[in-house]
Every structure is written in structure tokens, then in C-alpha cells.
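Engineer: With UniProt numbering, the residue at position 77 of the sequence shown is 77, and numbering never jumps.
The hints are simulated quantities; they were obtained by calculation from the structure and are not laboratory data. Just so it is clear, CB atoms sit at the ideal spot from N, CA and C, and this is done for glycine as well. The reader is advised that the hints may include incorrect statements.
[What the hints assert, rightly or not] No farther apart than 25 Å at their CA atoms in a straight line, the calculated lysine to aspartate or glutamate pairs in the DMTMM-like style are these:
(1) K221 to D7
(2) K10 to E323
(3) K126 to E114
(4) K290 to D245
[What the hints assert, rightly or not] Quick list of simulated restraints, FRET-style, between CB atoms:
(5) K165 to D245: 25 to 33 Å
(6) E114 to Q321: 52 to 60 Å
(7) K165 to K143: 24 to 32 Å
(8) P23 to T164: 38 to 46 Å
(9) R122 to E335: 33 to 41 Å
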Amino acid sequence: MATGVTDFIKISEVRNEIDATFPNPGEDVRRDIEVKNNGYGHRLIGNAFEFLCKLLLYRRCNEVVRPQYRALRTWSQDENTESWEGLGNSEKCRWKAGETPPTRVRKFDGMQWEDREGISNRTEWKEMNEARPVWRRRQSAIKWTIDEDLSKLAHQYVQTGMNTKGVVKSALINAGWKPNETVHSWIDRNAFEEDVLDEMNDLFSLLREKEWTCGETVFEKPSFGNYLHILRGEGDFIVDDLLIDIKTTKNPTFTKAFWRQLLMYYVVNDVQRLIHESEWRSSKEPFEGKYPEINRVGIYFARFGELKTINMSDVINDRNQYEEFRAWIVDRALEENAHAQVDYSDLRSLLTEPYDYKRQRTLFDFE
1 MATGVTDFIK ISEVRNEIDA TFPNPGEDVR RDIEVKNNGY GHRLIGNAFE
51 FLCKLLLYRR CNEVVRPQYR ALRTWSQDEN TESWEGLGNS EKCRWKAGET
101 PPTRVRKFDG MQWEDREGIS NRTEWKEMNE ARPVWRRRQS AIKWTIDEDL
151 SKLAHQYVQT GMNTKGVVKS ALINAGWKPN ETVHSWIDRN AFEEDVLDEM
201 NDLFSLLREK EWTCGETVFE KPSFGNYLHI LRGEGDFIVD DLLIDIKTTK
251 NPTFTKAFWR QLLMYYVVND VQRLIHESEW RSSKEPFEGK YPEINRVGIY
301 FARFGELKTI NMSDVINDRN QYEEFRAWIV DRALEENAHA QVDYSDLRSL
351 LTEPYDYKRQ RTLFDFE
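Please construct the entire structure, taking both the sequences and the accompanying hints into account.
Structural biologist: Quick look at the structure:
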């Protein structure tokens with residue numbers, strides 16, 4: 001399995017290189033927190049809020065691009081393989097003004113081992129999963145199903161902007177919230193704790209006040225070509241020339257970790273743009289277009305209602321230094337993912353060989 005951005009920036013050598021070459025320029029939030037955490041899981045709140053961000057951007061931006069969009073995924077338990085239907089051409093990753101992207105709300109539907117003979121708990125499921133080849137392992141033991149009624153509600157919100165409270169409930173269910181088993185309808189408010197609904201409604205209300213949610217084009221979950229053995233990564237959103245990562249943390253600090261992640265997304269976006277203009281285009285995502293030029297990166301601190309941005313022109317004032325840094329990152333990433341045994345000679349001629357610096361470590365992909 002290829003190393004991605006998240007794990008790559010945990011490598012001490014990589015951290016040191018980033019910190020020495022481009023130290024963290026991010027500014028902390030100075031205002032008081034506006035939406036407090038009521039004690040619910042960070043992942044639940046974060047995933048639900050990201051879903052709400054997506055719907056709002058669908059509604060407000062004139063063009064939506066979903067680089068990884070595939071219409072329908074099916075799973076064969078017998079063959080342990082995934083297949084995709086209804087994909088069409090790469091242009092169906094893009095929706096123009098007046099078009100509404102498909103919006104599906106999923107809901108928790110049990111655990112994977114419930115339908116398998118000989119497996120009765122999480123431990124046995126984990127053992128079975130780890131015995132598979134890495135490319136056939138399942139990322140989650142949770143089963144999901146599509147809720148058609150909630151999907152229609154989310155679709156209607158994108159078109160009309162109405163029923164924000166209903167959309168908040170949909171977002172929580174989509175993030176894995178499990179209502180009380182005695183409640184048969186999601187509409188029954190008793191299925192939710194009052195405080196988590198209030199928290200999500202407050203976060204969403206604050207978001208709707210922000211100008212950055214009104215753009216010309218939004219890229220949702222950009223994977224930057226998904227060139228697995230350079231660096232795989234998935235951002236939150238690109239709105240025009242601004243790369244945004246969403247944080248629901250109560251910590252107002254623009255941490256070094258936040259900056260390293262944003263910088264790596266900037267680099268892999270830059271790499272995608274270079275590769276798109278070359279003859280070497282082995283992308284792993286349906287979208288075949290060119291990613292936008294990123295001029296700004298930022299963190300939206302949702303609980304504070306504040307977007308903290310960094311102008312990349314203020315950071316990269318020596319282009320030669322940046323290009324050598326980019327070459328080092330690509331070279332180090334290919335070294336980290338050398339187990340793929342892929343011939344990257346064409347890629348190297350584009351991204352690393354023009355920068356024949358002394359620290360370049362990998363001269364050959366095969367020894």
C-alpha cells in the first residue's frame with residue numbers, strides 16, 4: 001500500500017526538510033471560540049461538518065469538480081473485488097452552473113462480519129483482512145447503505161437552500177450517527193441528543209456567513225491525480241485558487257503539522273499540473289483535466305468561524321529553491337514507495353533529473 005501525505009510528513013527526515021526550507025508561516029486564531037465542543041467524537045463532528053461544507057459549496061459555486069467521482073460502486077464478496085458502474089467519461093466529474101451533482105446520504109447498516117460465515121467479531125475480521133493482499137484489504141468493517149429520502153433532502157437543499165436543520169441531521173447520519181433503535185423515522189428529533197444538533201446547527205450557521213464559500217469553481221476531495229507512488233493524498237476543497245482544509249478543533253493554533261500537510265498538497269498539486277502537460281499521465285482518478293493553480297492555502301477553524309490563509313508567493317520567493325525542494329520531495333516519496341517496482345524514468349526526467357543536486361538519493365528504480 002502506497003505511503004500517502006499523512007504518513008509521509010510523519011517521517012522525521014521529511015519534517016526536518018520542510019521546517020528548515022519553508023518554516024511554518026501560519027498565524028493562530030486570536031478571537032474567542034464561538035461553538036464549543038459538547039463532548040462528541042471528533043471524527044463524527046468533523047465528517048458531518050465536512051459534508052455540510054460540501055453541500056453549501058455545491059449550492060454557491062458555479063462549477064463543481066469531483067475528481068474521484070464514480071457513479072456506483074459494487075463489491076463482490078466471492079472475488080473480494082470492487083467494480084464501478086455508470087462512470088461514463090471524465091467530463092462527468094464536472095458539473096456546470098444549473099447542474100446539481102449527485103448527492104447521496106449513507107447510513108450505518110451493521111458490521112461486515114455479520115454476513116460472513118466463520119467470522120463473529122472485530123478481531124476475527126481484522127485477522128481475515130490482514131491475511132489478504134494489501135490491494136484487496138477493506139478500509140472499514142462498517143457496512144453502509146444509501147438512504148434515498150435523506151439523499152433527496154440533501155439534493156433539495158443544494159437547489160433551494162431550505163431545511164437546514166434537516167440537512168444537519170442528514171450530515172450526522174452520513175457521518176455514522178446511529179439513532180435509537182426504537183425510532184423508525186429519522187424525522188423524530190428524539191433520535192438525537194439535543195446538544196449535538198445545536199452544536200452542528202451553530203457550526204453550519206457560522207459557515208454560511210463566510211464569503212469564501214462563494215466561488216467560481218470548487219474541487220471536492222482533490223486527490224491531485226492520485227499518483228499513488230509519488231504521494232497519495234486527499235485534500236478537503238479547492239475553491240478557485242484557494243486550497244482549504246477544514247478543522248473542527250477547539251485549538252486555535254495554526255500548527256506545524258497543519259502547515260506541512262498544506263505544503264505537501266501544494267506540491268502534489270503542482271506535480272499534477274506538470275505531469276498533465278507532459279506525455280506521462282498515468283493518473284489513478286477518473287478526472288483527466290488539469291488542476292487549478294493554487295495561490296493560497298488555508299485552514300478554516302470552524303469553531304471560531306475564521307479562515308486563516310497563507311499567500312504562497314510570500315513563502316516561495318526563490319523559485320529555484322522551491323523547485324529543488326519539490327524534486328527532493330518527489331525523489332524521497334518514490335524511495336519510500338520503491339516496493340511498487342515501477343519504472344519512473346520518464347517521471348524522473350521531468351521532476352528530478354533537471355535538479356541534479358548532491359542529496360538526490362535514488363538513481364534507479366530497479367537494482
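Engineer: Determine for every hint whether it applies to the structure shown.
Structural biologist: Consistency of the hints with the structure:
no.: 1; hint: K221 to D7; in the structure: holds, 18 Å
no.: 2; hint: K10 to E323; in the structure: holds, 22 Å
no.: 3; hint: K126 to E114; in the structure: holds, 14 Å
no.: 4; hint: K290 to D245; in the structure: holds, 20 Å
no.: 5; hint: K165 to D245: 25 to 33 Å; in the structure: holds, 27 Å
no.: 6; hint: E114 to Q321: 52 to 60 Å; in the structure: holds, 55 Å
no.: 7; hint: K165 to K143: 24 to 32 Å; in the structure: holds, 27 Å
no.: 8; hint: P23 to T164: 38 to 46 Å; in the structure: holds, 41 Å
no.: 9; hint: R122 to E335: 33 to 41 Å; in the structure: holds, 35 Å
Every hint, counting from the list given before, is met by this structure.
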